[in-house]
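Chains E and Y are the protein sequences, given in the same order.
My numbering puts the first residue of the first sequence at -1, with every later residue one more than the last.
My numbering puts the first residue of the second sequence at 9, with every later residue one more than the last.
Hints were generated in silico from the structure; no laboratory data involved.
Computed from a predicted model, the values in this text were never measured in an experiment.
Accuracy of the hints is not assured; some may be wrong.
[As the list claims (entries may be wrong)] Each computed DSS-like pair below joins lysine-lysine, with the alpha-carbon atoms no more than 25 Å apart:
no., chain 1, residue 1, chain 2, residue 2
1, E, 298, E, 417
2, Y, 137, E, 174
3, Y, 25, E, 535
4, E, 298, E, 408
5, E, 571, Y, 25
6, E, 307, E, 275
7, E, 515, E, 546
8, E, 535, Y, 142
9, E, 575, E, 417
10, E, 546, E, 568
11, E, 515, E, 418
12, E, 408, E, 418
13, E, 298, E, 275
14, E, 546, E, 575
15, Y, 142, E, 174
16, Y, 143, E, 535
17, E, 418, E, 307
18, E, 298, E, 415
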Amino acid sequence: MAAVMPAPAQSRLLMSGNEAVSRAVWESGVRVAAAYPGTPATEMLEEISTYPDLYAEWSVNEKVSLEVAFGAAMAGSRAFCAMKHVGLNVASDALMTMTLTGVAGGLVIAVADDVGLSSSQNEQDSRYWGRFAHLPVLEPSDSQEAHDFTLAAFELSERFQTPVILRLTTRICHVKALVTVGERSMHPVAGFTKDVGRWVMVPGAAGRRLPLMFERESRLRSEAEVSPFNVLETGADRRVGFVTSGPAYMHVRERFPDAPVLKLGFSYPVPFELVRKFADQCDQLVVVEEVEPLIETEIKAQGIAALGKDILPRSGELSPAVLGPAIARLLGETVAEAPVATPMQVFPRPPTMCVACPHLGVYYTLAQLRNVTVSGDIGCYTLGFGQPWNALDACISMGASMGMAHGLDKGRADSEKDKKIVAVIGDSTFMHMGMQGLLNIVYNRGNVTVLLLDNRAVGMTGGQNNPGNGHGIHGEDAPRVDFANLVRALGVRDERVHVVDPYELPTLFKTLRQETKIAEPSVIITNRPCVLTDDFKARSPFMVDSDKCTGCGNCVDIGCPAIHVTRREKVIKNSGKEVELNFVRIESSACTGCGLCLQPCAPDAIVPVGELSMPIHVVKKN
Amino acid sequence: MAQRGGVVSSHLRFGAKVLSPQITPGTADLLLGFEAAEGMRWRHMLRADGLALINSGRLVPPVVDLGLYDYPEDPVAAVRAAGTRVFSFDASAIASELGDARLGNSVMLGAISDYLPFSAQVLEQCILKRFATKKPALIELNRQAFAAGRAAAAQAAQAA
Ligand SMILES: Cc1ncc(C[n+]2csc(CCOP(=O)(O)OP(=O)(O)O)c2C)c(N)n1
Ligand code: SF4
Ligand code: SF4
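Could you build the full structure based on these sequences and the hints that come with them?
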């Protein structure tokens, strides 16, 4: 997107936390912002890229994005980096040592925890990284604070010469609330100062910086004691005092308007003196935080009596509805919640792949293979584990499909000698963290068939530009990676590299069967774009000729959401076997004419709605 | 998840001061169901005398087509039978007639516009303003969709 004029200072705007952070990044005079997409953090860099006069990029993974931002901060620029919680795990190697060097220009790392797992492989509390790396952690509670804390984070970063962690959660990132925005201010950039004792972390130098890090941490604790973001709110009902941070503060305030509250916006290092002072004003303390008991454990270790996860859930989002009964029980009150209607029973609606998604044919084909274990990865194609394909057997973290497949190969049981090992990985995931795993398979003479699903998009997170589609963050031209050459360069033999159209089922099947039989690494690259990108060209739709449909249901196995079963019928075949027939219709307004479902349809019951817009090369399996 | 056909729910709270962004189940004033079974899924969010406006149009997910689950026979009737006041009409059909299923969103916003503590024009102007900045070509269609939804809701209210 092209840069637009930002709204003038003092405007009151309805902003998500992500938008509010982005605005503040711009106001702070940041010169470099980098990220790899990931829910719920993605919109920060998308939004930042629309502001003028700063450099924004999609990096290939979170570690690289943090290193880019850190480099800019070494050069004296203000720099920003955003990621989802698991992204900070990826970036943590860099993080754990940049805490020793510190920064010159301000560096703020926004990390967004997906509390409640709306779209993630795990739930974790990234505030641990603050403790682990001895870095300050700020936790906004709403959009206005997301904005204000970001501004403050840069100031703090420069005053203490430290990276600062801005900790967000899904609720902060995505909830929209009113924000009063401010002016942009620019900061002179001093330039890079050569200083090997500081920037070159060899053991001797790093050892000398350790005491400085601890000394900085204790100064930060003093700062937290007096920070305007740590607010002691008195209350008339002192039976329970709440120590709370982040979005949990809002739930506490809503549910217990008369209770004393200590709101920790600057939550690490924990201001123990302030907590003690607060504890003296209340009968007992309850720590309300998402999602691990971090503040709780630390204040308990200081000998301050408190409750927390002893009475509150260990995982998932908190809410007024969760807090109410827990505190009532603590106070021995009858739980006088309004009688709440129980949810009505409705079918689940799990996420599924799009109509005509190029991954559909891949999973349809994998489902036909026998005696195969599919090592999967993270992206839209993870959904291949579900119905109707059931064709993905493992998934843990980005890029892991490669290493796991290699391990499944090397660690196979004697009884599984003939088992075929297939790894499935998306293009963005391959560039993020998969390439090294493939190199490892080649180097260690593994036997894995890799399906590299090149849909030229980071599909799962909304189709961001990346080196695979040859566009930069603003849509401009960028060098495009050549996957076939790349995997050859990693050592996969030329004969074992195939580029296949994922809509040609027979070719896909033949190639996959052939490669899984050969005992060496091979890579099958698919080459059709994600349907949600501009690269995708829809064709004229199809419909079902109900006179011809025999109810075999083969097309249903493709898993395209445009295909609907209209009628089920049980019939007894000549053999005496009972089979269920599924008569179908195609929602033609949704069909984009990819031609997949035609291929398994024996009686040619799937026909064009009108004239074909383009000849479609459907290759039929006999 | 929105783009991948999953369940999407949004909570909207407004007033002089809003703290928690989440609505406590059993306390919502209004429920806007953009799909029939989804209206059923979230009925419990409403307070006892709350009002549900539900699109009777259906989006049948693959798990139903695969025979793993059944689509409820009549979701709107089920919500009504559970004691909730419901106004319902086929917003999907109105949207398709106007030429694009996605207009269903503006149809439903038109439907709710007479049940808010401010005038329907305020909501209409907000929606149209957004299209004006992003996709001006769609202003007129969305204006029509909004008006059609408003009229359909009024009619459904009479029938109920
Ligand atoms: C460490 C980490 N960073 C980011 C994400 C968020 N994320 C989930 S899938 C995905 C990439 C998907 O792209 P691709 O591999 O090309 O597959 P597609 O969705 O296009 O099929 C991302 C960035 C994550 N789960 N983990
Ligand atoms: S977004 Fe793209 S990759 Fe993801 S399911 Fe849809 S078509 Fe497939
Ligand atoms: S041709 Fe078949 S598989 Fe392809 S989009 Fe249409 S209904 Fe779906």
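Quick one, are residue 298 of chain E and residue 417 of chain E close enough, alpha carbons at most 25 Å?
Roughly 52 Å separates the two Cα atoms, so the pair is violated.
Pairwise hint evaluation, residue 568 of chain E against residue 546 of chain E, where the allowed Cα distance is 25 Å at most
holds (18 Å)
Assess, step by step, whether the Cα of residue 515 of chain E is no farther than 25 Å from the Cα of residue 546 of chain E, and give holds or violated.
Violated. Residue 515 of chain E to residue 546 of chain E sits at ~38 Å, over the 25 Å cutoff.
Hey, residue 307 of chain E versus residue 275 of chain E, does the alpha-carbon distance stay inside 25 Å?
holds (22 Å)
Within a Cα-Cα threshold of 25 Å, do residue 298 of chain E and residue 415 of chain E meet the stated pairing?
violated (54 Å)
Within 25 Å, alpha carbon to alpha carbon, are residue 298 of chain E and residue 408 of chain E?
At roughly 47 Å apart (the allowed maximum being 25 Å), residue 408 of chain E and residue 298 of chain E break the hint.
Keeping to a limit of 25 Å between CA atoms, is the pair of residue 25 of chain Y and residue 535 of chain E held or broken?
violated (48 Å)
Quickly compare the C-alpha distance for residue 535 of chain E and residue 142 of chain Y to 25 Å and report which way the hint goes.
Measuring from Cα to Cα gives roughly 23 Å; hence the hint holds.
Take a quick look at whether residue 546 of chain E and residue 575 of chain E sit within 25 Å of each other, Cα to Cα.
This hinted pair holds, its Cα atoms lying about 23 Å apart.
Does residue 417 of chain E lie within 25 Å of residue 575 of chain E when you go C-alpha to C-alpha?
violated (31 Å)
Compare the distance between the alpha carbons of residue 137 of chain Y and residue 174 of chain E with 25 Å, and conclude whether the hinted pair is satisfied.
Roughly 18 Å separates the two Cα atoms, so the pair holds.
Is the hinted pair residue 408 of chain E and residue 418 of chain E satisfied, with a Cα-Cα distance of at most 25 Å?
holds (12 Å)
Checked against the numbered hints given earlier, this structure breaks hints 1, 3, 4, 5, 7, 9, 17, 18; the rest are met.
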